Each structure stands twice: as C-alpha cells, then as structure tokens.
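If you read the protein sequences in the order shown, they are chains A, B, C and D. Throughout the first sequence, residue numbering follows the numbering used here, covering 234 to 587 in sequence. Throughout the second sequence, residue numbering follows the numbering used here, covering 234 to 587 in sequence. Throughout the third sequence, residue numbering follows the numbering used here, covering 234 to 587 in sequence. Throughout the fourth sequence, residue numbering follows the numbering used here, covering 234 to 587 in sequence.
Please note that a few of the clues may not be correct.
Copies of the same chain look alike in the list, so a pair counts if it fits in one copy or across any two.
With a Cα cut of at most 25 Å, we get these calculated PhoX-like pairs of lysine-lysine [unchecked claim]:
1. K431 / K491
2. K431 / K321
3. K546 / K276
4. K321 / K276
5. K491 / K546
6. K491 / K535
7. K381 / K424
8. K424 / K491
9. K431 / K408
10. K381 / K276
11. K332 / K546
12. K431 / K535
13. K332 / K321
14. K535 / K319
Hint data in this document are derived by calculation from the structure and do not stem from the laboratory. What you are looking at is a predicted structure, and each value in this text was computed from that prediction instead of being measured.
Letter by letter, the chains look like this.
Protein chains: 4
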Amino acid sequence: MAGNSFGTLFKLTTFGESHGPAIGGIVDGCPAGITLDLVAVQKELQRRKPGQSAISTLRNEEDQVEFLSGIFEGQTTGTPIGFIIKNKDARSNDYDALKEVYRPGHADFTYSAKYGIRDHRGGGRSSARETACRVVAGAIAKQWLAQKGIQITAFVSQVLHVSMPLIDQPLSPDKIEASIVRCPNEAVAQKMIEIIEKARDEGDSLGGVITCVCSGIQPGIGEPVFDKLNAVLAHAMFSINAVKGFEIGDGFATTLRKGSENNDSIRNGKETNHDGGIQGGISNGKDVFFRVAFKPTSTIAKAQETHNVHGEKVTLEAKGRHDPCVLPRAVPIVEAMSAMVLMDMILIQNSTQA
Amino acid sequence: MAGNSFGTLFKLTTFGESHGPAIGGIVDGCPAGITLDLVAVQKELQRRKPGQSAISTLRNEEDQVEFLSGIFEGQTTGTPIGFIIKNKDARSNDYDALKEVYRPGHADFTYSAKYGIRDHRGGGRSSARETACRVVAGAIAKQWLAQKGIQITAFVSQVLHVSMPLIDQPLSPDKIEASIVRCPNEAVAQKMIEIIEKARDEGDSLGGVITCVCSGIQPGIGEPVFDKLNAVLAHAMFSINAVKGFEIGDGFATTLRKGSENNDSIRNGKETNHDGGIQGGISNGKDVFFRVAFKPTSTIAKAQETHNVHGEKVTLEAKGRHDPCVLPRAVPIVEAMSAMVLMDMILIQNSTQA
Amino acid sequence: MAGNSFGTLFKLTTFGESHGPAIGGIVDGCPAGITLDLVAVQKELQRRKPGQSAISTLRNEEDQVEFLSGIFEGQTTGTPIGFIIKNKDARSNDYDALKEVYRPGHADFTYSAKYGIRDHRGGGRSSARETACRVVAGAIAKQWLAQKGIQITAFVSQVLHVSMPLIDQPLSPDKIEASIVRCPNEAVAQKMIEIIEKARDEGDSLGGVITCVCSGIQPGIGEPVFDKLNAVLAHAMFSINAVKGFEIGDGFATTLRKGSENNDSIRNGKETNHDGGIQGGISNGKDVFFRVAFKPTSTIAKAQETHNVHGEKVTLEAKGRHDPCVLPRAVPIVEAMSAMVLMDMILIQNSTQA
Amino acid sequence: MAGNSFGTLFKLTTFGESHGPAIGGIVDGCPAGITLDLVAVQKELQRRKPGQSAISTLRNEEDQVEFLSGIFEGQTTGTPIGFIIKNKDARSNDYDALKEVYRPGHADFTYSAKYGIRDHRGGGRSSARETACRVVAGAIAKQWLAQKGIQITAFVSQVLHVSMPLIDQPLSPDKIEASIVRCPNEAVAQKMIEIIEKARDEGDSLGGVITCVCSGIQPGIGEPVFDKLNAVLAHAMFSINAVKGFEIGDGFATTLRKGSENNDSIRNGKETNHDGGIQGGISNGKDVFFRVAFKPTSTIAKAQETHNVHGEKVTLEAKGRHDPCVLPRAVPIVEAMSAMVLMDMILIQNSTQA
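Construct the entire structure; sequences and hints are all you get.
Take a look at the structure:
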C-alpha cells in the first residue's frame, strides 16, 4: 500500500517519472478472451498527449504504448498486461534550475518532506505524465464496458467563468472531439479557447470543471458501506493531479433544496436524477454523472515568489513547456479512471452472481 | 472486498442493520500500549446519537458501546478491538408498511437490485445507524492523534441558504458543542435552527455543508499517486450517507482564479492555503481543511409519489421518527472518518521511518 | 493488515481473547440469498468445542454462536454477518500464576516482544479459542460449497508414530465422526486413543497429521502466480495454531521420485494424482488433498524449565485444563479454513465469467 | 486480486510470459534513501539464470535487468521501482508442437481450463521464467535487510535420496556458491551432481529439498492470527513453481515427539529451536529456518503418455532445453521470496513503533 495501485479485481499498478527512461504499468485481473483494439488504445493516448493542439503545451511526446505481455494473438489471456511508454522528449536540463526551488502549488516540498529525496526533473513521479498509464488501462476497461453497453463520456463544462448551460440532449462524443477544448457547445468552446489563449499569452493558467456521464450501468453496482460507487469514483478523481472538488449528481446544489424538492422518484423514465444514478452507494440504472474541479495549472511563466530548499525567498520564472489549461487533456484521464472503477466494481458484483 | 472495511493498517470492519439485535465492528491494527479514555469514546457516540436535541429525531437510542476485546487493564494490546452497540429502541413495526415500497432518495430499490433480497426494516444496512461504529473507531483514532498534536474539528457551516462567513480566528470546539446545530457562529446558528424547525414543522428536511479542519499534521502524509491524502479523505467522506459533494481547500472556487492568483507560496506562516494543506496528495504541514455537502434527508413526512416492488405508483407518507436535518449529528461522523484516514496514513508513513 | 482478516471477496475478520467477555467475527462478502442451516453451523462448533470426549480437555465451553446481522428470515442478505461467542467457562484465576512466566512453546514471549503488553490469561489472543470463529465462517462456506457439489473432509491420519495406511476407498464422514479421535480406520483409531490416554496420564501431549480431501472442485480455481490455490491453502493452514508442516498432493514424497515416475497424466479417471489436483497453482478437477502437521500441544502438566519476564530460570507446572492431543478438535478447523479458501477463490474466478 | 502481486507495504507486482518480448515488475513501497548496489542485484539474477553450469539447462538467457524508475542518483526515491528483463533467447518455434498438447505435470490444461485461452509457448505465464522478477525484488529487500543485520541463506539439502546431515556449524554462503549444486557439504554435493548428471543423460529429472535459514531477525515480527510469519512464508514458498511441501522448524518431525520432548525453552542461547524461531506466528529472535520440497521438474526428454486438447491420447517427447534438476537455480528464488516476506513484515511492525 504505497499508493501506486488502483482497483481490487481489475487493478492497475504504475511506475515512472517524467524524465526517466520510461513510464509504464501492469493491468492485473483483466478477464481472458477479450479481443483488444490496440489502435483504439493508442488513440486514447493521443487524446491525452501533450502538443496536440494550439492551446496545449509544446512538449511533444509521442506517447507510444508498447505492450509486453498478457495479449496473445490479439486477445487478452487473463495474465497481467505489462506495458511501457518511453519518455522521448524529456529535456531534463530544463529543470536544472529547479533543483533547489520549491515551485508554488507543486509537490516539490511535500515529496521532499515525505521521502527526504526528490527527483526534481519535471516533477518526477508527481508529474501528470504518470496519468498516461491510466489512460492505457482505462482504454482497455472502456472496450470491455462498451461490450456491456456502458458508455463513458466526459467533456469540459467550465473554464474560469465560462461555463456550459445544462445539457438537455444526448451527448455527442464526436462533437466533443471536434473541439480542441473538448466542450460540445461550440459557442461556449469558442469563448473558452479565447480565454485560454489570453492566459497563455499572459504567462498564466486557468482551471475549470470536467463533467462526466456514464450511461448503461445496470442497477446494483457499488459496495456498501465504505466502497460506495460514489466513494470509489471520488477516490479515483481526487487521485488525478490538480483536482480540488468532486460532486455526484447535483452535488453542492442539493444543499439548496428541501427534501421534498430534491428526492428523486424511483424507476421512472422521465423523472429527476438529482442523485446522479446512485442511492446508498449503489447504481440505480440511471445515468451516473459527476463534476470534477481542476485548479489552474500550478506552472506559469509569470514570476512568482517562493522558497528554496534552504528556506530562502526566491523569485521563480518557469521556463518549461506547459499547458495554460490542462482540462482538455484531462478529459480522457477522467474517462479512464471512471472506466477502471466501473469495470472493477462490475467484476466484484459478478463474483456473487455466477 | 465487499465494502465493509476501511483502512489499510488501521482498519475498521463493521456489521449490523438498524433493526437487528446489534451493530458493531472490529478495529484491527491499533498500536499496543495506548491508554484509552473509554468515557471519551462514549461521549463521541452521544454527539452522534439520535434524540440529543430539539432539532433531532425523537428516536432515542442509548447507543452504549460494549468493548469485547483488545483492551486489557485500560490499555490497547495490539490485538483487534471488537465492540457492539445493541439496538434498543428499534420499533420494526414502524416499517411494516414499507416492505413493498421503494422510498424516494433511499437505497431501497438499489439494495433490492443488488442483492435480490432486502431487510426493509428502517433501511437495514443502508441506515445511517451503521455510522455509530465509525464514531467508535474514530474516537480511538482521535485519542492517538491528539497525543501527536493533531486536532480534528468539524462544524456545520451551511444549512440550506444560511451559511457562515469565512473564519479568520481559531476554531473553538467548545463553542461548536455549545450549539445544538454545531455551528460556532451564534447568530448564524440561530438562523439555522429556525429554518430547521420550520422544515420539521412542514414535514420536510434540509441539507447543508460540514466544514472540517485538521491541524497539526506533519508534512509528508499521503501516498502518491492513487492514495493521495485528499483522495482517501474524499473516499471516506463519500462513504457517509447523503454526501453528494466534497472539496479540499478552496475546491470549486479555485476554478474561478488564475494560476497566478491561486498558487500558494510554500512554507510561510502568513501566506494563503488555497490548496488546503495538501500538494501532490501529500500534506505540507498547513491545516488540511475540506467541505462536505449533504443532501437533505430523504425521509420526510410530506406525501411523495414513488413506486412499489410491483412497479406500481404509490403515495408514501413516512411515519418513522426522523431528523429534519442530519448535519449536526453528522459532525462527529465526519471527524471520525477523518481521524481514521489520518491515523492510517500516518502509520503507513511511519513504516518507512523506523 | 494487522493480520486478523482472511480472504479477498469472502472475508473473515475475527476478534477476541480466550478470557475476555466474548470472541467473534464478521463474515463480509457472503453472497445474498443463501438459505443458511444455522443448526449445522452450531454442529460444526460442537465438533471443535472442548470437553467433547474423554480424550479432550475438561474445559467445558458451550460455544454457542449468536448471529447479529446479515441474515434475514433465514437467508443471507449480502451484508456482513456479525457474530459473537460468549466466553462462559473462563477461569482467569487459573492463569494468575502465569502472569510473569513465559510458557515453553507458547506465544507468551513473542507477544510481549511484539506488543510490549500481554493479556496473559490463557494465551489471550494467541489461544486456539480464536479458531472457533473460523469454524463459524467455514461452516457458512461449506454450505455454499455443498450446493456446488464440493465436499471437504478432513481426518486424523497420524498421531505420534501411529498412522493410517493409504486410503483406496471413498472417505466416509460418518465413520470419521463416529471415532472420538476422528480417524476413519477403526483399528488405527483405537491405537491412537490408547497413546493419547497414556500421554494424558503422563501429563504429556502428542502431535500428528491431519489429512484433508476436497472433491468436486471444477478445473480453473486458483490465481497465478502468487495466489496459487496451494499457496493460499498453505497460508490458511499455517495460520492455525501449532501447525509446523504442510504438503500438497504427495508433498515431500515427490522428492524421492524421478520426473518420469512422478508426472501425472492429464484428465484420465484412473491415473495418478501425485500433484494433489493442482498444477501451476490452478485446480485440474481431480481431488485436492493435503496433509497438515501439528506439533504436540505446548501445554503439558509435566514440570518444565523456562524463563520468567525477569529473565530468571523457573520451573513451570501447568494447572489449566488442556488437551493431550488437539488433532481431533483441529479437524473442523482444517475443514473450515479449506472451505473459506475455496469459496473465496471460486468467487474470484466467477468474477470474470459472468 | 488476480494473484500477480505479493506483499502489503513492500509489494511486488510482476508481468510477463516466457516467450513474449519481456518480463518485468514493479516494486512498490520500497523506503526512500536506500543506496542500491545494482551490481549485486544483477549477481542474484546470475544465480538464477539458465545455462549457468553443466547441470543446468542449455537455454542461455542473459537476464539483464533494466531499471526504469524509482532510483535517482543511486538511491531509491520512495516511488515505485519499475524494471524489465528482455527475453532474448526465446525460441518459440520449439513449442509449436506443444500447441495442442497438455504436458504432464505442467499447467497447460489448468490454464486452458481457467482462461479458455493459452499462450502455449514455453508455458507462457506459468513458466518459471517469471521468478526472475522475484529475484530482482528480493535482491533489493536483501540489501535493506542486510543493513538491519538480517542474513538469508538457502542451500540444496536433498536431491532424490541424497541428503545432507544436520548442520552444526555456521552456514558459509561462499561454500554454497562454490558448489554448482549449491550444497555446502562437498561430499554430498558431489553425489548430488552425479545423480543429476545421470538423470540428465537418461532424459529424466530430479526433485529435492531446499533449506533456508534467516538469522538476525528481531523478536516481534509476524502478524497474528492469519498472517503469522510462518503462514506468509508458506504462502511465499508455495507460490514458487514445483513446490509441494513446506515445513517450519522441525516440521513433520515434531509429530514424532511428545510435548515434553518438543517444547523449546525460551531465550537461552544453547537451547533447542524445534519451532524454527517462531511461536504464535511471531519471531522470537532465534534463527528462522524452513525446508521446501520441490517435485522433479515436469519437463523430461523421456517419452510420456498424455492427452491433447481434443481429449486424445498422445505420446510426448519434449525437445526444449530444460533443467534435469531445478533446485540449484531455485536457491536464489527461495531467498528472494523470504527476503520480501521479512522486509514487508518488518515494515508493518515498524508502523506501530514510530
């Protein structure tokens, strides 16, 4: 339990620093006999990779996954799926100046405090680069879930003060992917892009909210009392870098309603779903949806006051290549973590049904 | 992994339905040699127990904990601490009318869907009665943490639209306990009580927000990457009944700031703590604080439309004895779960320091 | 992970010292909808209980299990099954003399070394009394397994130098139970009883071997590579007090054959089963059988030299009421642990089959 | 829990088939700040590698470990240590003939039964090649343990009927390594080599026993009741391919003694250690020693009758390059698993001592 594994039956364990030779992972517990579309797995990685659009970092990682085991003649064998992604565009020298500086908002000081030693190159283990491995595992889970009729679709619903109105029509994954900011509402997406470009030009960064909708989940998924479906989803989302808030269903907004206004009626196609498809921690068959708040990226080009390892005040001007807004690239990560949670909890539920 | 255990090294496993003979639990992994103040444990249970004030349910449970093992001559022995709390005021008959009805907002339908069988009396396992066991385990953790200088203080910061202004002075646990609504701001507490009484008289219920502040945590607690301190806290909070939202530090509000405004400087007494004492999932020595959103209690006296087990529409008028607002009683539960998380993660960190 | 839980999906957690108010446990992960025969559960406890025959200890525990949750109208509900067994005939005073003495072969010194504190009454947590809780959980597992056609039958195959010849006919559970030493061969059983009575009269104790046969297990059970079925069975058996050896199939005897003599042919009714029904850690459909070595009980009436807590040499003459040979009473414990392992591993296998 | 992870705090997860591009693993939970001797790690791999001596298989794997993360400037960083070992001399074609045949004694049939699909090349995941990853993790653990004064020394004590007399002098790791059969008694080693060469020439194989001695372990290691030190060691040993028996201390031999003969006195330098340094599942400070039985290697050149996937009887004559006796190469694997167990359990014990 040093925190680098996620899941019980479908379990991902990852390794790797942003500037070492490679990152990678092991997916254990994937059922045998699944025909994997490896091109689709790589496509998910492209959705997360840096340098994919004008509003993304210029760091250009190829992010090519290499599978080393667990797949034979195109099918999963039930044995662990090992994979690596080599770090190709790792300019460690960019970070030499940071060896003795604790960057504001980053994990530099906390890793030093925890371990007494720190790989300072690009955040080391605390870099969001690690999430590429989650996208690989999530892409496998997604394919398995899709065969069960379960779709997971996330999108950027807010950047700074620009937010989407509530959705009253089916989500279109194509529309989301057509937008470089991954917001399905074109007018809103345009405004988001404008403020992101402005922040980039100012050497600043922006946060926002990703909304995720999971449809097609049968009733009965989730384990009371401590491993409620919402609890495990919350755990999953807060394991993503920069996440500061999570709400299931109507979340904080439910606190502004009375019980008589907020209670969902049960099993009726047209009724409300304030609870987000989960009651008592168990899915009820309706869409499971939730919102995830990301703080603005900590790395900015603007000068900032901070401290160094000697406790002295220093001024930091970052020189690396960074995203002004990580949310578009975080969309596949949110989907990946959701997929892993759902697959794992469905496998657990399955165990008692055979 | 059927979800009734929480923690890795300091681990609670619970059992019990609201209307069976008893609920109880086992605390495994408590270090030996701790002198336990069992009166203080019972006091924590009093803070959670029903019927404690005018704005609480009339169900009057004595909630007397009986320890069965793991304590010898006043000290923990390192062996598992087993305990039970007998259910004394369980009027099962109150629930006979609910045998075939799925109550809105409750887990009645989802438990039936999951298990194909359901103890319908008072919510059975899904009842918040189960959380009494968490308070016992949390009270033990709190005593251990207090010896390390760690204080955990939660309070009600919002009920419906009534909310507390931001705090700029040290929290007073005594002031919180002096208020039946467990809000340290007297004027705000008075307004909260008024709207809760009004809701009760209308047969309705209210939700709100509990804020929790953990101070005295050394830097270095939390396990990257999947078991970040905030991720495990989120998991813990969402395991509590009726929780719909969680935010660490400034949470969703961080999305409305730019990076240059939101980044905390590091290790400086006077500086901001937007991140809530955690960076990269690891504590930085500042206060860890978070907010937990509770939806309004699902059980209300007002008539509601719902469905029964045969899929027919029925009108439900609840007759049980329920809280118009659970938040005051949820304060010790939030503290208990926080204490368990912190103790567990500190033990994990300790393992590598010896 | 303080060692008081066993299993992954079907999981038992236990608590309790031999001389506290009660011992007990929680079975988590039992599938819902199983009609439990609670009389059969109690019968298994009678098989383990002290004082059941002339060759057993005189300590007379009633060992009545009380179920507190997880069973509703005779069926499991899928929620945790909590239970307690009260300690009724606990004469703590018998142990006052042992407060400062480390009994040879017992865990007195090691518990003191580990925890710095020790409940000296009757071995406290290290007493075999704790295994009663395993029998309860195992009895539940046995009923579930029986519905799948799986039978688990253990018996005493050796006491000191008296051992049974190899079996070439179906085991008869009735014959085993008809023998107070739980050996199905009447002539051998008679000799065993004689040497046990002799040891008792001499104030001494005897060890021996229990053989266990599990039939009806479908091929495919067991998780490579670390959680091989034989590895988890070995773990389970060595968790029982006084166990010093374990062998699967022909065990140590296989080392005395060449590969050409020892290899089993596959899937042929009449062929050898030297491997004990497991290859590569996975069941092959044949009987899974194994042997478990128990050292002679550590507690004897004969005078022994030992040390006390001050490091002084002292002479110990035990006065408690003890078994001259624990093997007959350990038979249901071996079966219970086997049943828990099999049920858990079948649930894990099921998870990928639905 | 698909069985490819081992350990709680110090945890190894492995992947890889014998004939895929690579095998590898992730060591999670290794404390930070350990200066690792990577040459010593590689040396341990050389002790396990095929083709190392005249009595070993001719398959010649270089077995070069490549570390990909978790080590920075020669020290562990506390983050997961990822590594791979490329498969270089994997002649898959050797196995084409085996595609439809279930080899006797191997996991061919059981993997097919479990997964419905099988990588038939060289045993795939069930190949002992996987144990190379354990040697890497164990080598790291060994270095950490050595700094605490703990030594783990295994050796071959029996091959077929040739066995070593009991040891009454300190073990010499150098003497063991000087022998290609890894037996410290030269005369016995010579006889072992002779019978192994004879078996090889006959196209047959031999099994035997490895004895392992762990010295320097402080009292108090091991977690009652289910995770007794002996139980976790047994689990570890039975996770190694071909292991059929395990005994701690005097093991099965204790069943042939009376309690008065078998009980160890406590804490006295000269006294017996029949219990093998463990009482009640917890170390007592004396040497922990145990014996592990390996069946003769299943792969032999001699013709054998078996079945194919169509249920037909076929005659198999193996053509691969195999060991006539795996025991000399299994010595470092036994040591590695022992080291992982001890390090993990010491970390767990540490967690409550800080």
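Evaluated hints:
no., hint, in the structure
1, K431 / K491, "between (41 Å within a copy, 11 Å between copies)"
2, K431 / K321, "neither (30 Å within a copy, 53 Å between copies)"
3, K546 / K276, "neither (44 Å within a copy, 46 Å between copies)"
4, K321 / K276, "within (18 Å within a copy, 30 Å between copies)"
5, K491 / K546, "between (50 Å within a copy, 22 Å between copies)"
6, K491 / K535, "between (45 Å within a copy, 11 Å between copies)"
7, K381 / K424, "neither (37 Å within a copy, 50 Å between copies)"
8, K424 / K491, "between (35 Å within a copy, 16 Å between copies)"
9, K431 / K408, "within (24 Å within a copy, 47 Å between copies)"
10, K381 / K276, "within (21 Å within a copy, 44 Å between copies)"
11, K332 / K546, "within (15 Å within a copy, 60 Å between copies)"
12, K431 / K535, "within (13 Å within a copy, 52 Å between copies)"
13, K332 / K321, "within (21 Å within a copy, 39 Å between copies)"
14, K535 / K319, "neither (31 Å within a copy, 45 Å between copies)"
Of the numbered hints listed earlier, those contradicted by the structure are 2, 3, 7 and 14.
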